[in-house]
Every structure is written in structure tokens, then in C-alpha cells.
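Undergrad: Here the protein sequences come in this chain order: A and B. Count along the first sequence starting at 1, add 11, and that's the number in the working numbering. Count along the second sequence starting at 1, add 392, and that's the number in the working numbering.
Among the hints, erroneous ones may be present.
[Stated by the list, open to error] Pair by pair, the computed Cβ-Cβ distance ranges are: (1) Arg602/B with Asn340/A: 16 to 24 Å; (2) Lys593/B with Glu485/A: 39 to 47 Å; (3) Ile542/A with Lys523/B: 31 to 39 Å; (4) Gly305/A with Arg462/B: 53 to 61 Å; (5) Asp492/B with Ser518/A: 25 to 33 Å; (6) Asp492/B with Asp526/A: 15 to 23 Å; (7) Asn531/B with Gln265/A: 44 to 52 Å; (8) Lys593/B with Ala407/A: 28 to 36 Å; (9) Thr478/A with Lys625/B: 48 to 56 Å; (10) Asn531/B with Ala407/A: 47 to 55 Å; (11) Ala680/A with Pro564/B: 36 to 44 Å.
[As the list claims (entries may be wrong)] Partner residues aside, some chain B positions facing chain A, computed with beta carbon under 8 Å: (12) Tyr418; (13) Pro510; (14) Leu513; (15) Glu515.
Calculated from the structure, these hints are not laboratory results. Ideal Cβ placement from N, Cα and C applies to all residues, glycine included.
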Amino acid sequence: MTTKGAFRFSPKILARLGEELNQTADQSIGELVKNAYDADATVCRIELLNIGQPGGSIIVSDDGDGMDAEAITEKWLVLGRSEKNSETLTRKGRYPAGSKGLGRLAALRMGEKVQLETIPRRNSRRLHELTITWSDFDRAKVVEQVELPIEIKKNAKGGHGTRTKLIGLRGKINGEELRRLARSLLLLTDPFNESQQGFRIELLAPEFREIEALLKKKYFDDASYHLKSVVTKGVASASIVDWQGNVLALADHQKIRRRRADELYESPDVVFDMWVFLLGSTDEMFSARKAGKGEIQNWLKQFGGVHVYQDGIRVSPYGNAGNDWLELNLARARSPEERPSTNTSIGRVLVSGSGENALIQKTDRSGFIENEGFSELKSFANDCLAWLARWRLEQAENRRTREKKETTSALSIHQEKIKSVIAMLDEGAQKKFENAFAGYERTRDKETDDLRKEVQLYRTLSTAGITAATFAHESQGNSLKSININVTTLRSRIKKLVPLQSKEKLSEPVEAIGDAAKSLATLGVATLSIISNNKRRVERVEIHAVLDNLLKLLTPFSDGRTTTVLREYGQGSPFLRTSVAALESVFANLINNSLAAFERAGTEDRRIRIKTTVRETKILVAIADSGPGIIDLGVDDIWLPGISASPDGTGLGLTIVKDTLRDLGGSIAVEAAGALGGAEFMVEIPILGT
Amino acid sequence: MSITLLNRVIDTVRLIDDEPIVRTSYRQPVDDLNLNAIEVVNRIGSLAEFERLFNFDRDAAICDFNLKRRSYSAFDGDVLVSHLYKKNVPAVLCTRYADDLPEAIRHRRRHIPIVIPPEELSEEALIHAFKTCIAEFRNQYSRDRKPWRTLIRIEGCEPTGADQLRLSLFIPGWNSSEGLTFTVPTSPRTADQKAIEHIQKELQNGEVARVYAQVNLGAERKQDIYIYDWAVK
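Modelling step: build the complete structure from the supplied sequences, incorporating the hints.
TA: Take a look at the structure:
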């Protein structure tokens with residue numbers, strides 16, 4: 012004998028699947044609106060009644076195709092059947108957007124009761140009514156026990172569509188949630204696309220009117236750049252256009268994908284548009300802006316970010332307030348000039364819900380399942396933004412070159428103007444003005460000349476630095492590495508293979524080679540370390556650690572000049588927010604000066620003392636040496652560029668020190684004969700803590 | 393010829409460097425160990441192709457870090473050594489950066505147990521390196537390499553490329569006052585990703601992020617620290 016069994020569900024499952032999905036009010040109501048869209052409605056109206064307190068009601072009504080009794084029982088009341096991925100279009104050619112399942116259940120359970128009224132388009136003389144009272148389920152053992160009668164009535168008024176009333180709301184909807192609801196409803200069907208209307212949402216609330224009016228303004232024409240990009244069958248292309256649609260730059264797959272150019276994007280076909288606004292900039296392309304900065308900022312505050320649309324319907328949470336899924340703000344923090352943030356841009360990503368690598372939405376409607384396809388979509392969008400940033404960098408550089416030329420010609424124009432004004436004066440005054448102006452011109456020319464020399468010197472030093480780094484790289488990687496390994500091998504073989512009496516003869520030259528290689532290696536490491544890219548990052552920097560690392564790096568130089576470096580640090584680890592490079596340029600230049608002074612004066616007892624003292628929010632670093640002190644120059648002159656006590660010196664070291672300290676908000680003072688008899692520099696830097 | 397270390401036989405050491413003169417130099421200590429030294433001469437175009445060169449049971453490797461200056465390899469040594477480690481092939485990275493490891497090496501340190509500076513590449517150093525690898529393949533770690541689950545406090549992060557984030561963090565279980573930086577990939581998506589997203593979110597909200605991870609708390613130097621298995625709880 013056999014008997015049949017079947018799964019049945021406890022009513023508790025309704026709460027688990029409904030409330031515990033934890034949908035926000037805007038997501039829940041959005042699900043009902045999506046149902047209206049799928050029913051080919053042209054308008055969907057949402058009424059909110061007494062929602063400021065629990066117990067209120069929400070009515071969602073549409074003029075869509077409605078349902079008959081069969082559709083209600085076979086579809087509407089069946090949970091979990093999703094047609095989301097169906098490629099079957101609706102009568103009006105729309106891709107189904109609603110989940111037809113769990114998301115809608117969560118919406119229906121917002122209240123204690125649901126009243127459904129629906130008139131099918133095929134038979135508008137019949138009205139179907141269904142009421143669900145959720146407390147009935149609490150008393151039942153299994154879900155199926157609660158019968159839901161569908162009442163069929165005559166309908167003389169005609170029309171068609173569905174009206175869903177949620178009665179006795181379990182919670183309240185506050186002002187902020189209402190604004191979020193209005194925003195999410197307005198963004199639900201791609202508002203960027205003028206042509207794709209035909210579905211209108213009306214929310215009967217003042218917040219909606221306000222936000223709708225703002226959305227309608229559409230400041231796209233005021234954008235500084237519009238990035239248009241697509242992926243078709245894995246191949247990307249992009250363009251940057253101005254407000255009139257004129258192309259400013261074009262990129263093919265290779266230019267966008269760069270080092271992975273031979274790989275296709277394993278994403279669905281994508282359209283990615285981004286409108287970038289240079290709100291703080293004086294960029295000339297932005298001067299034609301029609302709207303005020305404040306207006307645009309307010310608009311972007313509401314709608315900014317990159318929104319994603321699948322088959323024309325928005326997918327949350329991408330582009331929601333606080334959702335920066337492309338990490339625009341992080342990238343902007345690093346390159347504020349070239350990168351847009353969510354506050355200065357608006358964008359959309361359009362994807363299809365079918366086809367190769369189609370993205371699948373998560374059951375809890377919290378976005379797409381983050382698979383390879385989604386990751387590739389993100390890579391594509393980020394690569395396009397990186398290309399835009401590179402292009403902007405290039406533009407900025409071109410502008411700088413252009414401005415430089417323009418400044419020179421502007422100078423000649425102004426010179427001519429002054430001369431023509433002088434010519435208008437009487438002869439005596441003319442002479443006086445000409446002399447005065449000639450004097451001014453000579454001083455200015457000298458200043459320009461000095462600056463030019465200084466810039467040239469900086470360029471020469473940079474070139475020397477780059478050349479030194481290249482040399483260091485090459486020698487470290489190949490020749491020195493090979494010498495080092497072979498010296499180690501020789502040492503080991505001498506130990507094992509050479510008779511005791513001959514060992515010394517071989518060991519001595521081998522050790523000499525080893526020592527020389529070690530010195531060369533350290534010099535190379537020091538060179539490379541000084542220019543390391545990481546050191547130019549602004550971050551929390553501990554001063555004592557910087558000093559320790561620097562002294563370690565300079566050991567071959569100080570040892571080579573038989574110099575003892577004494578450290579007397581105050582307590583704690585004082586730190587500030589800066590780059591390691593900035594602090595190193597201060598201390599390395601001062602220590603180098605001391606080493607050079609010893610050499611110049613032939614000092615016998617060579618000592619450098621570095622003493623730090625923390626005083627409230629500042630650190631004092633005193634660097635004293637036992638050299639000759641400042642004897643050939645005036646103490647005030649040493650800071651000037653090009654002034655050096657050493658014939659081979661650049662005269663830029665102390666200028667760099669002073670400029671850097673000014674940037675750090677610090678200061679420097681000097682004593683010609685300090686604590687150790689030689690020069691002593693007192694550096695003061697503001698710190699954040701110890 | 394072969395040697396047996398911790399019951400594992402090694403008979404061949406493959407030498408990976410884009411400089412022929414350096415590969416020849418690597419050969420010296422290997423010769424002294426009486427092992428077969430084979431230079432990898434052809435371009436390393438893919439990891440699959442690369443691993444086919446190896447007998448996973450009997451081979452070991454010495455590898456340089458910078459391998460991409462010429463067309464010798466599509467990968468740097470950190471990628472190759474960590475790949476071999478994951479395949480249970482003892483491999484040692486030989487680089488002048490040993491005392492100041494670049495971030496690229498540091499974020500793969502979990503799978504790069506030994507980094508030897510060129511001047512220390514000797515028979516003894518090689519034996520020690522290979523033994524360390526073999527022991528770790530059997531989950532036997534030295535004190536400075538043993539992983540412990542611990543709390544990490546992240547105070548800053550910044551992108552350092554399309555797919556990477558550089559975190560500024562403290563590991564109180566290692567040293568509560570010494571900060572360090574650590575680079576983590578943001579792509580491809582891994583199990584760690586949830587924690588990385590949590591970190592970004594917390595920092596964007598102006599908070600300090602706290603997560604858990606496996607860390608070799610016994611490491612003496614900052615650069616020897618490895619961090620993996622990031623988790624929010």
C-alpha cells in the first residue's frame with residue numbers, strides 16, 4: 012500500500028519570505044509599480060493615506076491589462092514563480108520587470124490587509140475582488156488552509172487595470188523615506204531617455220512634485236563632458252562629446268582595455284553614459300553653462316551617481332545615495348583634477364536581461380549576483396573612466412603649454428600699452444616715466460631670469476636623479492647581483508676546497524670584491540629608495556621612523572666620511588599627515604650639507620647630532636654638526652637659491668628645505684655656531700599626535 | 393644527483409631570471425649541492441605553460457623578482473614563486489629588495505616564505521629555504537611564519553591601480569603602535585571581498601574599520617607580515 016505526501020508550508024514562511032527580506036518601503040512599492048509596467052499600463056498612480064503613523068494605507072492603481080480569476084489564482088497568488096528572466100515580451104513589447112514573487116509578497120505584507128480589485132482588458136464588464144487578511148494565516152496550521160475567495164462582480168463603468176490597496180500599514184513612512192520613494196520611482200524607468208516614455212508614475216505627495224520638477228530640469232546640456240561608451244560582443248569603444256554632440260576624442264577597445272587589450276570584456280552588451288560637470292573649474296569649455304552652479308549641485312545631489320538599467324528598468328541599489336559602486340569618490344580622492352565624483356557626475360549603464368553573459372538579479376533585489384559578468388562590467392566602466400581621466404590630463408597639459416605662450420604674448424601687448432600711455436605725457440614726465448619703467452623692466456627681467464635658471468637647475472637635477480635611478484636599477488639587477496652571488500659561492504668553495512695555507516691568499520681579494528659590491532649595492536638602494544613612488548603619497552608619517560630610515564640609507568655616505576651620527580629622540584612617535592618624501596627632502600638636505608661641510612673644511616672630529624623634542628602640537632628637530640659652522644656666507648643668505656658655500660654645490664638644498672617646511676606649515680632657524688661647534692638648524696613642524 | 397629534505401627528494405632546481413649572467417650565477421650554489429641546474433630560457437607566457445616545465449614531486453626553483461623588463465616573462469617573480477608554492481614546489485625568490493620588499497611581493501608573502509638577497513644565496517640558504525617550503529606544505533610553520541586569526545584595524549585606504557587598494561592598518565596582536573600598509577586586490581572577486589567592501593564602506597563613512605584575518609603574528613619585521621582570509625566577523 013502507498014500513500015501520498017506533499018510539502019506544505021507553515022504560515023510563518025510568509026513572514027520569513029516577506030518581512031525578513033527586509034525590503035525598504037521604496038523597494039516594496041517599486042515591486043508593485045513594476046507589476047503595473049509588466050501589465051502594459053500607461054499610468055501607475057500611488058496614493059499614500061495617513062502614512063505618518065502606523066495603520067495608514069497605500070493604494071497602487073494602474074490602467075494595465077488587469078487579471079481574470081484564472082490569472083489571479085494561477086499567477087498572482089503563486090509565490091516564487093519568476094518570469095523575470097523570461098525573454099517573452101509583453102503585448103506592448105516590454106521586458107517583464109517585476110519579480111512576480113518574493114519582492115511582491117514583501118510589498119503586500121506591508122499592511123495587515125490587502126484588497127485587490129482588477130478588471131481584465133479582455134472583459135471589462137467583470138470586476139474581480141480579492142481580500143487577504145494576514146491575521147487569518149496566523150490562526151492556520153498551513154498556508155493552504157486559508158481560502159481566498161475571488162468575488163466576480165459586474166462592472167458597468169468599463170476601463171481596465173488593477174488596484175491594490177494595502178490597509179493597516181505595520182510601520183510609518185517618514186519624510187526622508189518619502190523623498191527616497193519619490194526619487195526611486197522617478198528613476199525607475201530610464202529618465203535619461205526622452206523617447207522611452209509611455210509609462211508614467213504618479214505619486215500623490217508633495218515631495219514627489221518637488222523631485223519630479225527637479226528631475227525634469229535635466230541639466231545634461233550643461234555637462235562639461237559626456238562620455239559615451241559601449242561594449243558589443245565583448246569589444247569596447249568610447250567617445251567624449253561636448254554638449255552639442257561634437258566628438259572631442261575617440262577610443263577603441265585597445266585604448267580602453269590597455270594592458271589587457273587582447274582580452275574581450277566577458278560582460279553582457281553594455282551602454283555606459285556619463286555626464287561630468289566641472290563645477291569648481293574655470294575650464295573654458297564650461298563657461299557656456301546656462302544653469303547656476305547651485306542648481307546643478309542640487310540636481311546632482313538628488314540624481315547623481317551611476318544608475319543601472321536592465322531592459323529599461325532600474326536596478327537598485329546602484330546609484331542610490333551612498334552607493335558608489337564604481338568607487339568614483341575613492342578615485343577622485345586620488346586624482347581630484349581628472350576624476351568625477353558622485354557629486355559632480357551622473358551616469359547610466361544599460362544592459363539587457365537576456366543574451367550572452369546576462370546579469371542575474373539577486374532574490375532579495377539588492378543588485379546583481381556578483382559574478383564574472385558583473386565584475387567585467389565594472390572593469391569596463393572603470394577602464395572608460397580611466398581613459399576619460401587620461402584624456403583630461405592630456406588636455407590640462409596642453410592648456411598649460413598654451414597658457415605659457417599666451418602669457419608671453421600678453422606681456423608684449425602690455426609693454427606696448429604702457430609705452431603708448433607714456434607717449435601721451437609731456438616730454439619731461441615722459442623721460443622720468445621711461446627711466447622708472449626701464450628700471451622696473453630690468454628688475455623684472457632679472458627675476459624672470461633667476462626663476463628660469465632655477466627651473467633649469469631643478470630640471471637638470473631631476474634628469475640627474477632619473478639617470479641615477481636607471482643606473483641603479485640596471486647595476487642592481489644584473490651586474491651587482493651576479494657579483495654578489497659569485498662572491499658568496501667563492502667564499503663557500505674556498506672554505507671547502509682550498510687548503511688552509513692558501514685560504515688567506517684567496518679570501519682577501521674575494522672579501523675585497525664582496526665589500527666593494529656591498530658598498531655599490533647600498534648606494535644603488537639609497538638612490539632608488541629616495542625616489543620611490545610610494546614616498547610621495549600623503550599619509551600618516553612618523554618622524555622618528557623617517558629619520559631612522561633615512562640615516563640607515565645614508566650610512567654608506569656617513570661611514571665613507573667617517574662621521575658619527577648621534578640620535579637623541581624625545582618620547583613617543585610624533586606623526587603628521589604628509590609624504591615621506593617631503594620630510595626626507597628636509598632632513599636629507601641638512602645632513603648632506605653637514606657631510607659636505609666636513610669634507611670642505613677637512614674636519615677631524617666629525618659628528619652630527621639629531622635631537623627631537625615634542626612641544627604640544629609641534630616637534631622641534633635640531634640638527635647640529637661639528638663642522639666649521641657658517642663662515643663664508645651671511646646667515647640670511649644661505650636660504651637664497653643658487654647660494655652655496657661649496658664650489659660644486661647647487662645652492663638649492665636649503666631653498667628646498669625652506670619651501671618644503673613652508674608647505675608643511677613649519678619653519679626653520681639656524682645658528683652659525685651651534686651646540687657641536689658647527690652649524691645648527693632648528694626645524695619646527697606641526698604634528699597631529701605622538 | 394639529489395638531496396632528501398624532510399623525506400622529500402629534490403633533484404632539479406630550475407633557474408628563472410631574465411639575465412643570462414644571473415642565471416649562470418644561480419647555477420653555482422646549485423652545482424655545489426650536486427643538483428641538476430636547469431636554466432629557464434624560453435619566454436614564460438602563461439602560468440599553465442610555466443608549470444608544465446616542472447616535475448611537482450622532485451623540482452625546486454630559484455627566481456628573480458623583476459622579470460618583465462624584456463620579453464622574457466609575462467609575470468614577475470612574485471607571481472611565479474607563489475604559484476609554484478601553491479603547487480607544492482619549493483621555490484625561493486632571490487632579489488636585492490629582500491630588505492625592503494615592494495608591495496607586490498608583500499601581498500603575496502603568504503605563499504612566498506623565503507626571500508634571499510643575492511649576497512646570501514648559498515648552499516645553506518637554499519637548503520633552509522627549500523626545507524621551510526616543504527615543512528609549510530605540511531602545515532608545519534616556523535614561529536615567524538605561523539598564521540593566527542587576529543583583529544586588524546584599518547585607518548585608511550586608497551586605490552593604487554584599477555584593481556588594488558592600499559590599506560593603512562594596525563595589527564594590535566603584532567604591534568599595537570606600529571602602522572603598516574598592505575595592498576589587497578579588489579578584483580577578481582574572492583572570499584575576502586566582503587571584508588574589503590566592509591572596510592571601504594566604513595572608511596567612506598569616516599569610521600575606522602575592524603576586521604579579522606590570518607596573520608603571522610610571530611614575524612619580526614614589518615615586511616615579513618602576511619595577511620589572508622579577511623573576514624568581517
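Undergrad: For each hint, tell me whether it holds in the structure or not.
TA: Hints and how they fare:
no.	hint	in the structure
1	Arg602/B with Asn340/A: 16 to 24 Å	holds (22 Å)
2	Lys593/B with Glu485/A: 39 to 47 Å	holds (44 Å)
3	Ile542/A with Lys523/B: 31 to 39 Å	holds (38 Å)
4	Gly305/A with Arg462/B: 53 to 61 Å	holds (56 Å)
5	Asp492/B with Ser518/A: 25 to 33 Å	holds (30 Å)
6	Asp492/B with Asp526/A: 15 to 23 Å	holds (21 Å)
7	Asn531/B with Gln265/A: 44 to 52 Å	holds (45 Å)
8	Lys593/B with Ala407/A: 28 to 36 Å	holds (32 Å)
9	Thr478/A with Lys625/B: 48 to 56 Å	holds (52 Å)
10	Asn531/B with Ala407/A: 47 to 55 Å	holds (54 Å)
11	Ala680/A with Pro564/B: 36 to 44 Å	holds (40 Å)
12	Tyr418	holds (7 Å)
13	Pro510	holds (4 Å)
14	Leu513	holds (5 Å)
15	Glu515	holds (6 Å)
Checked against the numbered hints above, the structure breaks none of them.
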